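2 protein chains.
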Amino acid sequence: MRAAIFGYGNLGKGVEKALLKKTDVEVIGIFTRRKAELSSKESAVPFYDAGDILRYKDSVDVVFNCGGSHAELPKTTPFLASSFHVIDSFDHHAAIKEHYSNVDLAAKKGERLALISAGWDPGILSVIWILSASFLHDSVHTLWGPGVSQGHSEVLRKIEGVKNAVSYTVPNKNAEEVILRDPAAKEKNLHTRICYLELDERADPKKIEKQIRSIPDYFYGYNVEIHFVSNGEIQKNHSAFPHAGKVLAFEKTGTTFSFGLQTRSNPDFTGSVMTVYGLALWEMSKTGKTGAITPADVPTGLLLHDSRTIFDYI
Amino acid sequence: MRAAIFGYGNLGKGVEKALLKKTDVEVIGIFTRRKAELSSKESAVPFYDAGDILRYKDSVDVVFNCGGSHAELPKTTPFLASSFHVIDSFDHHAAIKEHYSNVDLAAKKGERLALISAGWDPGILSVIWILSASFLHDSVHTLWGPGVSQGHSEVLRKIEGVKNAVSYTVPNKNAEEVILRDPAAKEKNLHTRICYLELDERADPKKIEKQIRSIPDYFYGYNVEIHFVSNGEIQKNHSAFPHAGKVLAFEKTGTTFSFGLQTRSNPDFTGSVMTVYGLALWEMSKTGKTGAITPADVPTGLLLHDSRTIFDYI
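Line by line, the protein sequences are chains Y and L. When the letters of the first sequence are read in order and numbered with the working numbering, they come out as residues 1 to 314. When the letters of the second sequence are read in order and numbered with the working numbering, they come out as residues 1 to 314.
What the hints contain is simulated information worked out from the structure, not anything from laboratory work. Hints may be right or wrong, so weigh each one.
Heads up, simulated BS3-like pairs for lysine-lysine below, C-alpha to C-alpha not over 25 angstroms straight-line [stated by the list, open to error]:
1. K286/Y <-> K108/L
2. K17/L <-> K289/Y
3. K252/L <-> K246/Y
4. K286/Y <-> K289/L
5. K286/L <-> K286/Y
6. K21/L <-> K289/Y
7. K188/Y <-> K246/Y
8. K57/L <-> K286/L
9. K286/L <-> K13/Y
10. K246/Y <-> K41/L
11. K246/L <-> K186/L
12. K289/Y <-> K158/L
13. K186/Y <-> K207/Y
14. K22/Y <-> K252/L
15. K57/Y <-> K286/Y
16. K286/L <-> K108/Y
17. K186/Y <-> K108/Y
18. K246/L <-> K109/L
19. K158/L <-> K75/L
20. K75/L <-> K97/L
21. K252/L <-> K173/L
22. K21/Y <-> K252/L
23. K188/L <-> K246/L
24. K252/Y <-> K22/L
25. K108/Y <-> K289/L
26. K252/L <-> K17/Y
27. K252/Y <-> K109/L
28. K252/Y <-> K17/L
29. K252/Y <-> K21/L
30. K252/Y <-> K286/L
Predicted model, so just to flag it, every value in this text is computed and none were measured.
With the hints as extra help, turn the sequences into a complete structure.
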């Protein structure tokens, strides 16, 4: 598979690491808007201008779109899907259906296959959630964290007056009890979002706090803690990207599922998820299938590469 | 979907319960060798002779083969696959590849689709195992139990001189520690099999014990405890079928997966797994695909029925 990386932030670097470990993958290039700032010492893979990617239509099989979910993917994934098989890890849950429709249209027009939302969540946890929900009818819940939510951090950083920010998601201490007592408990009542922000000197903290608490899907209706910190503190104390998640499902008849995932580096893990799903996408594209798909459309056995077969595991 | 149940032991009853809960399924009949012994009061579904099933070729879409893994499925699943789409929960791990080949040949000849090994393990746990193994390279282990292994119990009950038997699988107390210390730890060194047997009066316990300990794949090489108990004790103390399993995976870079499943009734849970996968099989058969498949070939999204879509979960 000839791969291209589109976007070179934390996620792009995580994808690069994971792709370079695979023997059956050639990484053609990293496409970035910051080519001028990047030195060729930073990667063994050549850097190209993001704007030039269409010139590589015939030499790239799958583009790994590593842009930000909130601001970039809604535009760039449909754009890329019209010329390439493309994979992203779009994580704005409430907007996935809309993103799916836009990508599906573009990919069908371009006769390409596009796999969206292939991260750890949505992605791995969605697959586990669907698996659980298909057998267990009384209660399926996901608990996120404790860990950094990159999607939420990105949303904070786009706010005018915010210089740097990080958003942690933490399940409330009594979350598992609440679920057992009330299978209809809402996700919003099970989690707290803890935000750390560095502001521009002239920014008004009160105004920004009010703005954050009103952002739909991401912060509105959640238990949100907001901390304004001094410059440099985020870089110093909040530069790791751990994350964790748990799917809990049960049925009154006496069956329970519990799936937990913990990772020290969210972008590295998401990078390895995208790599494995990218190879599966490439396999599936060979059947001539076009349009948008999600991890729920990928047979698990297609995730095994390097001559491993399902019979090693079944 | 018009379904038939083939075999009416504990598993057949579990499948019946799960199928009857689905609004989009019609259960045509239960095919059994024990028709003469069964009263029509035992089920609202009509009983037919197992030997008559081919007569229903045109009125059944999917056959749920609920026979014993060790003695029956290797013969009956290929037989059924030549005339019907068929699903089984074949659980003899070491023989799955051979079973797959036989079923694949028969199903391709008959132009039918056959889904094998769709239980909780192999089945759900295999899917989780493959998912884990595709991202995490350093260690993936499955711990089975504590619970009743129906496959192992069946093997014991087929031994001449054995009247009744049950085999429990229990992970050793230090199993998780052993895995963390030694990622190459063998499954045989992580589990104990605890067997309870009632013998015929003339049977020789020593001979039977020796015979059990030499059964390949099932008992040979395992830590096995054998208890001979008095008549009626199994019925009295060992008639429940709980089971549990855990997949543990980790990578040195700091990512861990942990999946646990516990069920009070193994046959009921396996019945609901087979029902959900049976509906997916029926969907997949409509594309014209033929031959044998396993749960690893089924996209998770196909497991959702009753108008639920992946967008409710992603």
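Hint by hint, where does the structure go against what was stated? Just the numbers, ascending. 2, 6, 9, 10, 12, 13, 17, 18, 27, 30
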